[in-house]
Structure formats: structure tokens, C-alpha cells
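As given, the protein sequences belong to chains D and R, one line each in that order.
Taking the numbering used here, the leading residue of the first sequence gets 1, the next gets one more, and so forth.
Taking the numbering used here, the leading residue of the second sequence gets 285, the next gets one more, and so forth.
There may be inaccurate statements among the hints.
As the list claims (entries may be wrong) - If you anchor each label on the Cβ, the simulated ranges turn out as follows:
hint, chain 1, residue 1, chain 2, residue 2, range
1, D, Leu-132, R, Asn-503, 42 to 50 Å
2, R, Trp-537, D, Glu-180, 44 to 52 Å
3, D, Tyr-51, R, Ala-371, 48 to 56 Å
4, R, Gly-405, D, Ser-44, 30 to 38 Å
5, R, Asp-707, D, Pro-140, 53 to 61 Å
To be verified - Incomplete in silico selection of chain D near chain R, CB under 8 Å:
hint, residue
6, Val-121
7, Leu-144
8, Thr-148
9, Trp-149
10, Asp-188
11, Ser-231
12, Phe-250
Calculated directly from the structure, the hints in this document are not laboratory data.
Glycine included, each C-beta is placed from N, C-alpha and C at the ideal position.
Here is what each chain is made of, one letter per residue.
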Amino acid sequence: MNQTNRAPYFFIAPAVILFLLFTAYPILASLYLSFQRYEGGSYSFVGLANYSRLMGDSIFWTALSNTFIIFIFQVPIMLILAMILASVLNSQLLKLKGFFRVSFFLPAVTSLVAYSLLFSVMLQDNGLFNELLSYIGIGPIPWLSDATWAKVSIIMAMTWRWTGYNMIIFLAALQNIPEEMYEAASIDGAGKIRQFFSITIPNLKPIILFAGILSTIGTLQLFDEPFNLTSGGPGNATMTLGLYIYENGFEYFDFSYGSAVAYVVVVLVAVLSFVQFKFTGDKS
Amino acid sequence: MKKTVLLCSAMVMMLAACGNEETTDNATDNNGGGETQTLTAWAWNINIPVLEEAAERFAEENPGFELDIVEQGTPDVYQQITTGLQAGGQGLPDIMLIEDDRVQGYLNSFPEAFLDLSEYGFDDEHGEKFPEFKTELLTLNDSIYGVPFDAGPAGVFYRVDLFEEAGIDANQIETWDDFIEAGHTLREELDVALTGIDINNDDGVYRMMLNQQGTFYFNEEGEINLNSQESIQAMEVVKRLHEEGLNENLVGWDAWLGGLANGNVATAPSGAWLTGSLTEQAPNLEGDWDVMPLPAFEEGGNRAANLGGSNYMISANSENPDLAYDFMAFFATSEEVQLAAMEGGLFPSLNTIYEEGVFSEPVAYFNDQPIWEMFAGMMEDIPYANYTGNYAVARDEAETAQAEAVGGRSVEEALERAANQLDNRIN
Numbered sequence: 001m002n003q004t005n006r007a008p009y010f011f012i013a014p015a016v017i018l019f020l021l022f023t024a025y026p027i028l029a030s031l032y033l034s035f036q037r038y039e040g041g042s043y044s045f046v047g048l049a050n051y052s053r054l055m056g057d058s059i060f061w062t063a064l065s066n067t068f069i070i071f072i073f074q075v076p077i078m079l080i081l082a083m084i085l086a087s088v089l090n091s092q093l094l095k096l097k098g099f100f101r102v103s104f105f106l107p108a109v110t111s112l113v114a115y116s117l118l119f120s121v122m123l124q125d126n127g128l129f130n131e132l133l134s135y136i137g138i139g140p141i142p143w144l145s146d147a148t149w150a151k152v153s154i155i156m157a158m159t160w161r162w163t164g165y166n167m168i169i170f171l172a173a174l175q176n177i178p179e180e181m182y183e184a185a186s187i188d189g190a191g192k193i194r195q196f197f198s199i200t201i202p203n204l205k206p207i208i209l210f211a212g213i214l215s216t217i218g219t220l221q222l223f224d225e226p227f228n229l230t231s232g233g234p235g236n237a238t239m240t241l242g243l244y245i246y247e248n249g250f251e252y253f254d255f256s257y258g259s260a261v262a263y264v265v266v267v268l269v270a271v272l273s274f275v276q277f278k279f280t281g282d283k284s
Numbered sequence: 285m286k287k288t289v290l291l292c293s294a295m296v297m298m299l300a301a302c303g304n305e306e307t308t309d310n311a312t313d314n315n316g317g318g319e320t321q322t323l324t325a326w327a328w329n330i331n332i333p334v335l336e337e338a339a340e341r342f343a344e345e346n347p348g349f350e351l352d353i354v355e356q357g358t359p360d361v362y363q364q365i366t367t368g369l370q371a372g373g374q375g376l377p378d379i380m381l382i383e384d385d386r387v388q389g390y391l392n393s394f395p396e397a398f399l400d401l402s403e404y405g406f407d408d409e410h411g412e413k414f415p416e417f418k419t420e421l422l423t424l425n426d427s428i429y430g431v432p433f434d435a436g437p438a439g440v441f442y443r444v445d446l447f448e449e450a451g452i453d454a455n456q457i458e459t460w461d462d463f464i465e466a467g468h469t470l471r472e473e474l475d476v477a478l479t480g481i482d483i484n485n486d487d488g489v490y491r492m493m494l495n496q497q498g499t500f501y502f503n504e505e506g507e508i509n510l511n512s513q514e515s516i517q518a519m520e521v522v523k524r525l526h527e528e529g530l531n532e533n534l535v536g537w538d539a540w541l542g543g544l545a546n547g548n549v550a551t552a553p554s555g556a557w558l559t560g561s562l563t564e565q566a567p568n569l570e571g572d573w574d575v576m577p578l579p580a581f582e583e584g585g586n587r588a589a590n591l592g593g594s595n596y597m598i599s600a601n602s603e604n605p606d607l608a609y610d611f612m613a614f615f616a617t618s619e620e621v622q623l624a625a626m627e628g629g630l631f632p633s634l635n636t637i638y639e640e641g642v643f644s645e646p647v648a649y650f651n652d653q654p655i656w657e658m659f660a661g662m663m664e665d666i667p668y669a670n671y672t673g674n675y676a677v678a679r680d681e682a683e684t685a686q687a688e689a690v691g692g693r694s695v696e697e698a699l700e701r702a703a704n705q706l707d708n709r710i711n
């Protein structure tokens with residue numbers, strides 16, 4: 001009897017041990033680290049000094065506001081695009097669905113560095129993007145060297161990479177909406193657009209919330225694109241919290257301060273997720 | 285209960301197997317009597333064949349010696365070194381390749397982590413064989429913590445064919461003003477850019493100009509020097525290059541090298557190591573490139589500067605520090621090894637070999653000029669740059685200032701702001 005009670009625990013033990021070792025421990029260790037200061041080879045406890053230093057750190061505030069600007073533009077654009085794509089790909093009329101689904105999803109599985117490099121080549125002053133724009137008479141745009149355009153570049157790159165990923169999530173959800181609802185709606189005289197807003201969107205609500213929270217967390221941890229495309233420049237125009245954590249740790253050897261920034265991200269993720277639940281979540 | 289024991293012992297065995305891989309390897313590799321001694325090394329691309337060559341030669345004198353080289357990209361090596369240092373030196377290899385600008389950062393933050401080579405007498409025995417600026421940058425509190433390897437004596441790489449077509453005589457370029465003048469001619473005659481500086485992410489040209497004036501981000505006492513007269517003068521040149529339409533803003537290493545290979549950019553002020561990348565990436569341009577010394581700020585001024593270069597440091601946690609030291613001392617002072625490094629385009633800082641024939645030979649790729657002789661001639665004149673432990677933060681601020689200055693702010697203002705901000709960040 002005793003043995004059967006214990007059995008499940010043995011089976012989950014490997015996963016739990018790995019989780020404790022490689023997830024829980026680092027989380028707690030970095031919290032502890034954020035209250036310390038490293039000097040001349042040893043750590044000492046400094047309380048909230050790292051956090052109060054954050055308050056007066058203009059680069060931190062720049063990183064925070066950059067992260068938010070990118071978040072506010074990128075996440076809605078991406079989710080709306082993903083939803084439109086998913087609806088189109090779900091249509092009975094479309095042929096070659098498999099091909100389109102794979103094509104749109106493909107960016108999500110390419111290497112982050114490879115795609116960043118590709119974008120950096122295309123976005124050069126004399127790169128492919130400007131070449132194409134010149135055919136329609138638009139002058140060269142300083143994609144990577146202007147503070148505003150650099151942010152636009154990052155938003156474009158992220159949208160390219162993650163739209164397909166969200167599209168697949170929406171597509172799965174769309175297939176759970178019974179076809180009869182659409183039939184009934186069209187008998188009642190509702191057009192395609194009306195159907196989209198009155199049937200598709202309400203039914204997708206929990207999934208939109210899910211995708212929204214995933215994207216929020218992803219954007220707040222944004223690192224690869226600014227690291228590979230712009231190195232946070234020009235100036236600090238594309239510095240993000242993720243990149244700032246990395247720079248503090250691995251460039252300036254200030255892991256404690258980096259941990260403090262990381263915990264700001266943790267708090268932001270928690271707050272934003274809560275807000276999203278509150279406003280878009282299912283009340284029942 | 286039995287199952288648990290089985291499961292646990294299986295897991296323990298698996299873990300043990302992972303951990304012991306290396307030791308079992310060593311035991312089986314025992315070739316004929318002599319005990320095998322293995323060192324591990326972390327390094328990247330063109331340095332790998334040099335290490336292999338050195339290990340082979342060293343093994344001739346020391347039978348049983350083996351070098352286990354882990355090849356990784358440069359950023360990966362640094363990330364792992366930083367992580368290892370942070371973990372108190374655990375998991376680090378015996379020897380690791382570290383570039384000039386990183387040395388003091390590591391030494392200041394992790395003073396106990398590296399082997400003090402002065403205790404082995406490296407500086408007394410071999411110190412004279414290297415230029416002072418190299419040994420200085422490896423020194424902390426009068427002890428030396430690494431062996432110097434390659435250096436980056438700087439010059440202006442330029443396209444001979446384009447210069448001729450535009451009617452520019454490279455020998456007439458003595459000052460940065462002359463250089464900018466030549467840029468205008470290039471623009472007017474051929475519509476080609478003079479330089480391909482990545483304004484937002486790379487301040488290499490500015491740094492060389494600081495170095496040639498005998499200053500750096502920090503002065504010799506370690507005080508912030510970003511707003512010095514020399515610094516303003518240097519940043520002015522970069523600003524002018526860009527504002528006068530002579531610079532093409534090539535973002536990232538690949539774009540820059542691409543610009544040099546496809547003829548969009550006619551010159552590259554850079555370290556000697558660029559020779560290797562050019563010959564490799566643009567073999568079709570053989571004979572079209574040449575190198576001249578950096579322009580000076582006034583006629584007759586110093587034209588010698590350094591950009592880049594690397595060193596090997598030994599982990600204080602090494603299980604075999606004596607062997608690691610012997611090997612590295614051999615590596616750094618062996619003329620054969622250093623000459624092998626030159627084949628990959630790495631310029632040795634070991635000055636005992638500058639008399640070798642290779643140095644006076646003309647190099648076909650570079651317009652049949654003896655460019656190595658020119659670089660060797662500069663080595664003694666290169667001023668010491670005080671990188672300090674705060675180099676990375678200072679560089680970040682300098683690059684921001686460069687972006688601001690080019691973006692329209694006055695150079696004085698941008699550098700003043702950078703100096704203040706740097707002061708805030710490090711003090």
C-alpha cells in the first residue's frame with residue numbers, strides 16, 4: 001500500500017529535481033545576489049543599495065521606456081496580424097493550407113542569431129530594404145543608425161519572427177469554434193466581417209489573453225534582436241532591460257546590479273500579467 | 285523500495301559517467317610508458333592552428349604532453365570565462381585567450397583568479413622581449429598575469445587602384461586633414477566613400493587616435509580623460525568624416541568587411557590583424573591593397589598606435605600550473621610558433637623575431653610592399669593605453685558620445701556629458 005502511494009513521486013522526481021536545481025535555485029540565488037555588492041573578489045550585503053542605484057540610473061530608465069515603446073507597438077500589431085492570418089488560413093476556400101502554415105511558422109524556428117544577421121544585412125544603408133524603397137522613390141532610410149528607425153527595425157524583425165508562432169496558436173483555437181455557429185450567422189444575414197467580430201473574437205478571448213501574456217513576457221525579456229541588430233544603439237535608443245541585464249553581468253562584471261534589474265523585470269511581468277487577466281480575463 | 289534504489293543508483297551512475305569522461309580519456313590515451321599530461325585551452329578561429337602547432341612542438345621536448353583545445357566564437361569564450369570566474373574559477377580551462385582590452389577588467393574584478401606569472405619569473409626572464417605597452421596591460425600591482433601574444437599595430441589600409449584612379453598620392457597624406465582632403469577627392473572623382481565607420485557601435489578609429497596621442501579613455505592615473513583636448517580633437521575627425529559625406533555607416537563587422545571587399549569603401553584605419561581578414565575575404569583584390577601609417581594630428585607627430593591584440597592567461601585553479609606556465613612561456617617566446625601565427629595574419633608582439641627575413645619580404649597582396657617591416661617599426665613607439673577595469677563602461681559612453689556628436693551635437697558637449705555619465709557609473 002505504502003509503495004503504491006509513493007510511486008507517483010518517484011516518477012515526477014526527475015522533473016522536480018531538475019526544476020529545483022536549474023530554475024528555482026537560480027531564481028532565489030539571483031534575488032539574494034541583488035542585495036549584495038561585489039568588490040575586490042568578495043561579496044558583501046548592501047540591502048537595497050542596488051535598487052536605489054537603479055532609481056538614479058538614466059540608462060535603466062531609457063531601457064525601461066524603450067522596452068515599453070516596443071511592447072506597446074509590437075504586441076498589438078503582431079497579435080492582430082496573427083489573427084488575420086489565422087482566420088484566412090482557416091478558411092475553407094484556401095488551397096495549399098499546409099504550405100502557407102509552414103511558411104508563416106518557419107521564422108519561429110530559425111536561429112535567432114541567423115535571422116538577426118540577415119536583417120542586419122538587409123537593413124544596411126545600402127541594403128535590400130533601401131534598394132527596394134528606392135524603386136518607389138523613397139529615399140534611403142537610416143534603419144539602424146537613427147534612434148526612431150532603429151526601434152522600428154526591431155519591431156519589424158520581431159513581428160516577422162513571432163507572428164507565425166501566434167498564428168498557429170490562434171489557428172488551433174479557431175478550429176475549436178463549431179462551424180454551425182458561422183452557418184447560423186450567415187443564415188441570419190451576418191457578413192464575414194460581422195462574423196469575425198461577433199463570433200471569432202469572443203470565442204478566441206481566452207486564447208488572445210494567453211498569447212498576449214506570452215508576448216508580454218517575451219517582449220519584457222527582449223534581448224536577441226537589439227543585441228545582434230543594433231547592440232542597443234544608436235546611443236541607447238534600443239537598449240532594453242534584457243540587454244542591460246546582460247551588459248551589467250557579462251560586460252561590467254556587476255552581477256548584483258544585473259540581478260536587481262532582472263527583478264524589476266520579474267515585478268513588471270507579474271503586474272502586467274495581472275492587469276491583463278483583470279481586464280480581458282473570463283469573469284466566470 | 286528496490287525500484288527506488290535501482291533508479292537512484294542509475295542516476296548516480298549517469299552523473300558519474302558524465303563527470304569522469306575526461307579522466308578516463310586521459311588514462312586510455314597513455315601512449316607507451318610516459319604519463320600523459322593534458323591541458324585545456326579556450327580560443328577562437330585563427331588562433332587555433334597556432335595553438336596546435338605550438339602544442340606539437342612543445343610535445344617534442346615534453347613527451348606525453350597534450351593540449352585539448354575547445355574552439356568557440358569570441359563572445360562565447362568571454363561569456364564562459366565570466367561565468368567561470370563568477371563561480372570562483374570553477375570549470376575554467378588551464379589557459380584562455382583574452383584580448384588586450386579585457387585583461388584589466390578581469391584582473392580588477394577577479395584578482396585571485398589568474399596565475400601570477402611573476403612568481404615564475406616570466407617578467408624577469410622574458411619581459412624585455414615584448415613592447416612595454418603589452419606587458420603593462422597585463423600587469424596589476426607589479427605582478428604580470430599573462431603572456432603577450434599578438435598585437436595590432438595600426439595603419440590605414442587603402443585601395444591602391446582607387447587612389448591612383450582618383451589621382452591621390454598616399455605618400456602625401458601626413459595628417460588627418462590630408463586624409464579628409466583625400467576623401468573629398470575620392471568622393472568627387474569616383475563617388476567612393478573614404479571610411480566605413482560603424483558610428484553607433486564602434487569607436488575603433490577614435491580609440492586609435494587617442495592612443496597615438498598618448499592618451500586613452502583614462503589617463504595614466506586612471507582618471508577619466510574623455511573630455512580632454514586630445515579626445516575632442518580625435519572625435520572631431522570622426523564627426524567631420526561623417527558630416528562631410530566621406531563615411532559610409534556600415535553596421536557590424538560583416539557589413540564593414542563587405543564594403544572593403546566590394547569597393548564601396550576605399551580605406552580602413554585598423555590594426556594589423558585586418559591583413560588576415562582581407563586576404564581571406566577578398567582574395568581577388570591581390571595587389572590592390574596597401575598600408576600606410578596612421579595620419580598624425582600635426583606634421584611630424586606620432587603615427588604609431590595599437591588596435592586590438594590578445595594574450596593568454598592561466599587559471600589560478602589549474603591543476604597543473606607549472607606545466608601550463610612552461611607551455612605558455614614556450615608559446616610566447618618560441619620564434620617558430622610566432623612566425624606560424626603570422627601566416628594567419630596575427631602580428632606577433634615578440635620583438636626578438638623582427639629581424640627575421642619574413643619581415644623585410646614584400647607581400648604580394650599588399651602591392652608588393654614589406655608591410656610587416658612597417659608594422660614592426662612602429663611597435664616601440666606605441667604609447668601605453670590605460671584600459672583600467674572600467675574599460676567596457678567607458679567604451680559604451682564613448683560610443684554613445686560618438687553617435688551624439690555625429691548626430692548633430694557639438695563634440696565638446698557630447699564628450700562632456702559622456703565624461704560626467706561615466707563618472708556617475710563607475711564611482
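With 8 Å as the cut and Cβ atoms as the points, is Phe-250 (chain D) at the interface with chain R? 5 Å, holds
Can you tell me whether the CB distance of Leu-132 (chain D) to Asn-503 (chain R) sits inside 42 to 50 Å? 49 Å, holds
Please test the hint of 44 to 52 Å on the beta carbon pair from Trp-537 (chain R) and Glu-180 (chain D). 58 Å, violated
Look at the Cβ atoms of Gly-405 (chain R) and Ser-44 (chain D) and judge whether their distance stays inside 30 to 38 Å. Holds, since Gly-405 (chain R) and Ser-44 (chain D) (Cβ atoms, about 36 Å apart) stay within the stated range.
With a cut-off of 8 Å on the beta carbons, see whether Ser-231 (chain D) makes it to chain R. Hint holds; Ser-231 (chain D) Cβ to chain R Cβ min 5 Å, cut 8 Å.
Taking the closest Cβ pair, is Asp-188 (chain D) under 8 Å from chain R? 56 Å, violated
Interface hint compliance - Trp-149 (chain D) to chain R, C-beta minimum distance less than 8 Å: It is violated, given that the least Cβ distance between Trp-149 (chain D) and chain R is near 12 Å, above 8 Å.
Given the hint of 53 to 61 Å, is the C-beta distance from Asp-707 (chain R) to Pro-140 (chain D) inside that range or not? 38 Å, violated
When you take the CB atoms of Tyr-51 (chain D) and Ala-371 (chain R), is the distance between them in 48 to 56 Å? 25 Å, violated
Status of the Val-121 (chain D) interface restraint (C-beta, 8 Å, chain R): Given a least distance of 7 Å, the restraint on Val-121 (chain D) holds.
Quick check on the hint: Thr-148 (chain D) CB to chain R CB, less than 8 Å? 12 Å, violated
Can we keep the Leu-144 (chain D) interface hint, with Cβ of chain R closer than 8 Å? 5 Å, holds
When the structure is compared with the earlier hints, violations turn up for hints 2, 3, 5, 8, 9 and 10 and for no others.
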